[in-house]
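**Student:** Starting from the known structure of chain R, arrange chains Z and A on it as the hints suggest.
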Amino acid sequence: MKIIVCVKQVPDTSGKVAVNPDGTLNRASMQTIINPDDMNAVEAALSMKDETGCEVVVVTMGPPPAEGMLRELLAMGADRAVLISGREFGGSDTYATSQILAAGIKKIGIDKDDIIFAGRQAIDGDTAQVGPQMAEKLGIPQITYAAEIKKDGDSITVKRMLEDGFMMIKMQTPCLVTCIKELNSPRYMSIGGIMTAYEKPLEIFDYAALKDDPLIDLDTIGLKGSPTNIFKSFTPPQKGAGVMLEGADKNTCAKLANILAEKHVI
Amino acid sequence: MGYDSKKIEDFKNVWVFCEQRQGKLMNTDFELLSEGRKLANDLGVKLVGLLLGDKVEGLAKELGSYGADEVVLCESELLKDYTTDAYAKVICDVVQDIKPEILLFGASNIGRDLAPRCAARLHTGLCADCTHLDIDVPQYKEFLRANSTLDVDGTKWDEGDRNLKMTRPAFGGHLMATIICPRFRPAMATVRPGVLKKAAPDQAKADAVQIVRPNFSLEASDLKTTVLAVEKAAKELVDLIGADFIVSVGRGIAADVEKGKKIAEDLANELGGVVGGSRAAIDSGWLSADRQVGQTGKTVHPKVYVALGISGAIQHKVGMQDSECIIAVNKNSAAPIFEVADYGICGDLFTVGPMLTEAIKAAKAAK
Amino acid sequence: MDFNLTKQQEMVRKMVADFTENEIKPIAADTDRNSEYPADTIKQLFRYGVMGMIVPKEYGGAGADDICGAIAIEELSKQCASTGDIVATHNGLCCGPIIQHGTEDQKKKYLPMLTTGCKVGAFALTEPNAGSDASKGTTTAVLDGDHYVMNGSKIFITNGYVADIFVVFAMTDPSKGTKGISAFIVEKDFPGFAVGKHEEKMGLHGSPTAEIVFTDCIVPKENLLGVEGKGFNIAMQTLDGGRIGIAAQALGISEGAMKEAMDFTKSRVQFGKPISKFQNTQFKFADMEVAINAGKLLTYSAAAKKGTGARFTKEAAMAKLFCSENAMKITTEAVQMFGGYGYTKDYPVERMMRDAKITEIYEGTSEIQRIVISSNIL
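As given, the protein sequences belong to chains R, Z and A, one line each in that order.
Going by the numbering used here, the first residue of the first sequence is number 1, and it counts up by one from there.
Going by the numbering used here, the first residue of the second sequence is number 1, and it counts up by one from there.
Going by the numbering used here, the first residue of the third sequence is number 1, and it counts up by one from there.
Rather than coming from a laboratory, the hints here were simulated on the basis of the structure.
Incorrect hints may have been included.
[Claimed, not checked] Here are the computed lysine-lysine pairs in the DSSO-like style, where the Cα-Cα straight-line distance is at most 27 angstroms: (1) K255/R with K331/Z; (2) K170/R with K80/Z; (3) K255/R with K261/Z; (4) K188/A with K181/R; (5) K230/A with K188/A; (6) K329/A with K25/A; (7) K14/A with K261/Z; (8) K49/R with K46/Z; (9) K262/Z with K181/R; (10) K259/Z with K14/A; (11) K224/Z with K107/R; (12) K49/R with K14/A; (13) K250/R with K259/Z; (14) K255/R with K80/Z.
Isolated chain R (complex conformation):
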């Protein structure tokens, strides 16, 4: 049995974000992090490895420096890593990305009792689409928004969160699960893991490595093959600043309450 975890390196949008004059993101100026939800997926895989001794393979699509992130995941306890990287893959939307990742995962190989974990969504695009699209391209069932995962034999039982409650769902392996932060608390790298992270296998799949897969066609991957295009991108205008009230005492609060009362909002 093995678990394949799909991860993404993303700009840290919680910090300072720089936007170029043309409305695109100034990625060079930003810190990159491992997408937070993906960390929950990694933890889910590693804790299943702790229980069952299964193999954990981490996969990402990204530019060559994403290797650093994969090494960190190996230092957390993953067994091997795959970096899908190539000029031909650049500019892919979620549909094209899911085709490339699915082809990469097929090359790694999916056996009957394997599971694929992914994060719910990435903080750069917030689409939550690649997981389900990948599952469709692989022809395997999916469960999204997993808050609990239990494996028994060739099936897993998942607590799938809804806005107003949850569902308990049972699903046959192989399958794909997207994970939310309620699922677990991700572990840190370990010192022992760090010392061996550079000895563990890391494979790079480029276009040539994947091009024989029927999913990989220059018409269905990359910027040109993506069904969606960016029509315009822009920055929202700053709302005009309001009033800073003088002081922070009872009088200030009374003044504010009176303004609200006069405006009939309270």
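**Tutor:** Leaving out everything else, chains Z and A in the frame of chain R:
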């Protein structure tokens, strides 16, 4: 027959997937139908509600009242509870058969599970979690004038462009992007709940709604997953989206989390509202995830939004900046939250919060 | 000459920094206020292999190099010098001498306990009347058949009342002065071992300091570390390594205090502008930055030299002297920048100032470091 998502001339009408849970329609359905009505009018086509479930025919009129000309109804015992497999199969079969040009979903946990699965099978584009939709270029330009820093009039436009323009925040709200799907149909989008305004229901439209029952096949063997149980949350649900008053807390309550929460609750109770929180407050485990306001949480527009000890990271602001009145209390006078606040108080929430509650109580009593 | 850290060293920094930010920073003030040993933190640090990280892999450790060891202590100490101290003592002063001087049997028995076995280690040299002058120790160990009988007491022992395993120094031949000192591995469960007074200290409140007392304590003969009479050399070599740890701890305290002061002065407005905009403030930060970076070079180069197997006594002493005196200066300056707030317990800088002081004292005072350095060059 034959389905080819590239033959865009074969596709017609605007469809809205109308999600129901336990036989009840969702508020998002009405928001989407109201918006879909405008899109259908712009294109001069019909608005169609796509309704799946078990014995849900009775809901069709309500869909009509929000603008649907037609309801495509697919009923089966296997569609009673939502499963990705069954819903995706039926929707894809029907779409491949009838070929709508636009297909909208609510960006609920179910919509965001289902739509990408369908888009991948239908080989078409999908835009996630949209906050604004346009067909007409002149209307889109109006939207940009009000909501962007773009030089609208200095840009070249193809005024006859009839693509669906799907606008959404990206990079935690730092950027907005308008996405199109020019080469494939249907153009698909999930739309964020609580953003689009729902129209007033129209009884005449409700009575006029046509029900269409398409052919589809669904066997138990199509389902690779089994729903063992569906549970409603035991705790009272927090309706942030519908609230008129929201008091949110952030990292500023770290010094005494319980006291900070109590102060927010007292103020919210006095205002008749609910307590929300920033990502910091949710990630630290101080509040449950359903209370999160912001890019990864909910988008709210209450009458009054009070931010206590929230610095105002852009990912938070994107979820609350359209509130009618924003009050911010923060120790740091340089906190970005003051950039969007209508009224700012530079002070400690632990002292200002209770004073504000008292002042509001007094102001209400004086009225 | 390569001044860049290796990828592993960078990764260790990131891992410990993340851990410190998320797990230690939120409890550091309480750890100090309640004088509470951070037991959960230490348990986690065993789980992640920080405790005993320099122990070779075959004995249960991670086999990390000495620079990694220093970086870990530096990062922990940015938020909590007590935690830095507990780890530095365990790694440098207990695992260190066993790795270096232990027999194969001793290593096989004790190093796994000090890593995967989650047993905390300590080092016991100082006595009431033998501080800087270790030759005046009165704790004795007398061979009696297959065991030694140990009598006496040791004070100011870091990890004293939480440790399971102690490296203890005792006179096996009092007539020979320092040449009569021998080193032993002592378990807390050996008959005749007891923990005495818990010290109340100015700072490092989370670090458990205690007296330990030996009353006819039975120490098996095979627990002699190294050879009889060579204990003083073992102690001095161990302290050379330990001083790199204290230098790293002092560095971390300095960096933590400087970060706090920068954040504060950027948001504190007086006379119409943030006080970070005053040149007086800016120049102080410039000086801190220089001192911290110079300290890093001294500390990492001492650790690198230790890793080569060459003698590094002078380098370790220089690093410890420089970093500890700067930690005192920088934390004092940080408190000053905070003004009245700095003197309150609402902000961490007063704690950092109290914690910094000990780095000028333990594992050899600044005066002793100057003796060590001058005796190596004159």
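**Student:** Could you run down the list of hints and mark each one as holding or not?
**Tutor:** Hint-by-hint comparison with the structure:
no. : hint               : result
1   : K255/R with K331/Z : holds (19 angstroms)
2   : K170/R with K80/Z  : holds (17 angstroms)
3   : K255/R with K261/Z : holds (24 angstroms)
4   : K188/A with K181/R : violated (43 angstroms)
5   : K230/A with K188/A : holds (23 angstroms)
6   : K329/A with K25/A  : holds (22 angstroms)
7   : K14/A with K261/Z  : violated (33 angstroms)
8   : K49/R with K46/Z   : violated (53 angstroms)
9   : K262/Z with K181/R : holds (25 angstroms)
10  : K259/Z with K14/A  : violated (34 angstroms)
11  : K224/Z with K107/R : holds (24 angstroms)
12  : K49/R with K14/A   : holds (24 angstroms)
13  : K250/R with K259/Z : holds (19 angstroms)
14  : K255/R with K80/Z  : violated (55 angstroms)
Of the numbered hints given earlier, the model fails hints 4, 7, 8, 10 and 14; all others are met.
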